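Number of protein chains: 2
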Amino acid sequence: MALNEQTRREERRRIAHLVLDLVKARGTEISYNAALAESGLARSRFEQVFPDYDALFEAVAEIWLAPHLAAMEEVLASDLPPVRKMYEFVRSRFAISRDRFAADPEYFTTICEMGAANFERVRSYVDLADHYMCELIADAQADGYLAGLEIDEALSLINQMVAMYTTPDALVQLGDKLTEAKLARIIDTIFIGLSAESGEGARGVGTLRLAQ
Amino acid sequence: MALNEQTRREERRRIAHLVLDLVKARGTEISYNAALAESGLARSRFEQVFPDYDALFEAVAEIWLAPHLAAMEEVLASDLPPVRKMYEFVRSRFAISRDRFAADPEYFTTICEMGAANFERVRSYVDLADHYMCELIADAQADGYLAGLEIDEALSLINQMVAMYTTPDALVQLGDKLTEAKLARIIDTIFIGLSAESGEGARGVGTLRLAQ
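Top line first, the protein sequences correspond to chains Y and R. Numbered per this note's numbering, the first sequence spans residues 1 to 212. Numbered per this note's numbering, the second sequence spans residues 1 to 212.
No wet-lab data here; the hints were simulated from the structure. It should be emphasised that the depicted structure is a prediction, and the values quoted were computed from it without experimental measurement. Incorrect hints may have been included.
Any copy, or any two copies together, can satisfy a pair, since identical chains are not distinguished.
[Said to hold, decoys possible] As a list, the in silico BS3-like pairs of lysine-lysine whose alpha-carbon atoms are at most 27 Å apart:
hint	residue 1	residue 2
1	24	85
2	177	24
3	24	182
4	85	177
5	85	182
Start from the sequences and build out the full structure, keeping to the hints where you can.
Right under this line is the structure:
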């Protein structure tokens, strides 16, 4: 019997929450068959909800990343000036991850490992974050910041400089070394120092002169 | 029979190289017992060279990281001005990792995984890099850069901003997105923008004002 669309959606959500609970309880990624066994559904029903592991993982990631998505959209809709807006764009997601890590380091670490192992399946989230960041960069450039840089160039540079605050894995390694105060300084540094019109001091260095 | 010190040092080096060859050939970390079996030594001899896995790993890491160490020391001894010197300090090690990754991505990735799994055993290398970076920061401050920051504070901020170029794992994930030209811009951005005396624009933001 085919599931109707509403039941399918409800089951998708219920089982994705169940998988997250199982990850927390067992401390390891939950396979397709384990999720099937725990779901209480017959295999034919389960397969209608999740044709493969990709579909299951996507449903789980959707729930896990929902607060990040909401935070990004809240910041985008705000009327903060460019510097504060970019700071909040990174900070709000960092705060979510930091609080989750503090609440249950082991669970958080397992989820990070799952994300790393299934990176292609969370790419759409990364792409969306990049898309929003490009909007913030364009706004900043309209205000005279990040002068002379292509948007893609600025995006890549900024992403690299704030990577410790957007890569959840970094929390596992660095923990307390990551703070909102430091992130604020990094964002300030970017807005003051990053432009194509100054600061060529380090560029074009091919060889190293040694002291005699 | 006890090995004399010179033989012990030669065997240590020979076996560490052998382990790196085995990692390359097999694509996986080599256990203490596998290294023992391949070494051709009797267990009692092997144990004199490597009392435990820690000792074995340290010998392997020493060989793998020798070019990084030499590069750091070469830059430290150079008479480059502060911006270029810090750029070279990061760039030279990045170039070694990038070339190794390009030459054999699988081997490089396995070594990264070994490093991550045995992070405490490479901590002395990380500590040394931090120590050298502190020297560069002090020199830069003597020239008026990075004004008003404690050295430890500057160290942490700079380490975070250049982390993608000093963490070998980042190459595995980002590959071609990491370039020397971008690193140069990041170093320039740090020298222009990072100071405690300006740029408080993003600081002290506790709440988010939303557009009506």
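Outcome of the hint check:
1. In the homo-oligomer, the alpha carbons of residue 24 and residue 85 never lie at most 27 Å apart, since the shortest distance is 34 Å inside one protomer and 47 Å across protomers.
2. Only within a single protomer do residue 177 and residue 24 lie at most 27 Å apart by alpha-carbon distance; the minimum there is 25 Å, versus 34 Å between protomers.
3. Taking identical chains as interchangeable, the C-alpha atoms of residue 24 and residue 182 are never at most 27 Å apart, the minima being 31 Å within one chain and 39 Å between chains.
4. For a Cα distance limit of 27 Å, the shortest separation of residue 85 from residue 177 qualifies both inside one copy, at 23 Å, and across copies, at 25 Å.
5. Proximity of residue 85 and residue 182 under a CA criterion of 27 Å is satisfied in both settings, with 16 Å inside one chain copy and 24 Å between copies.
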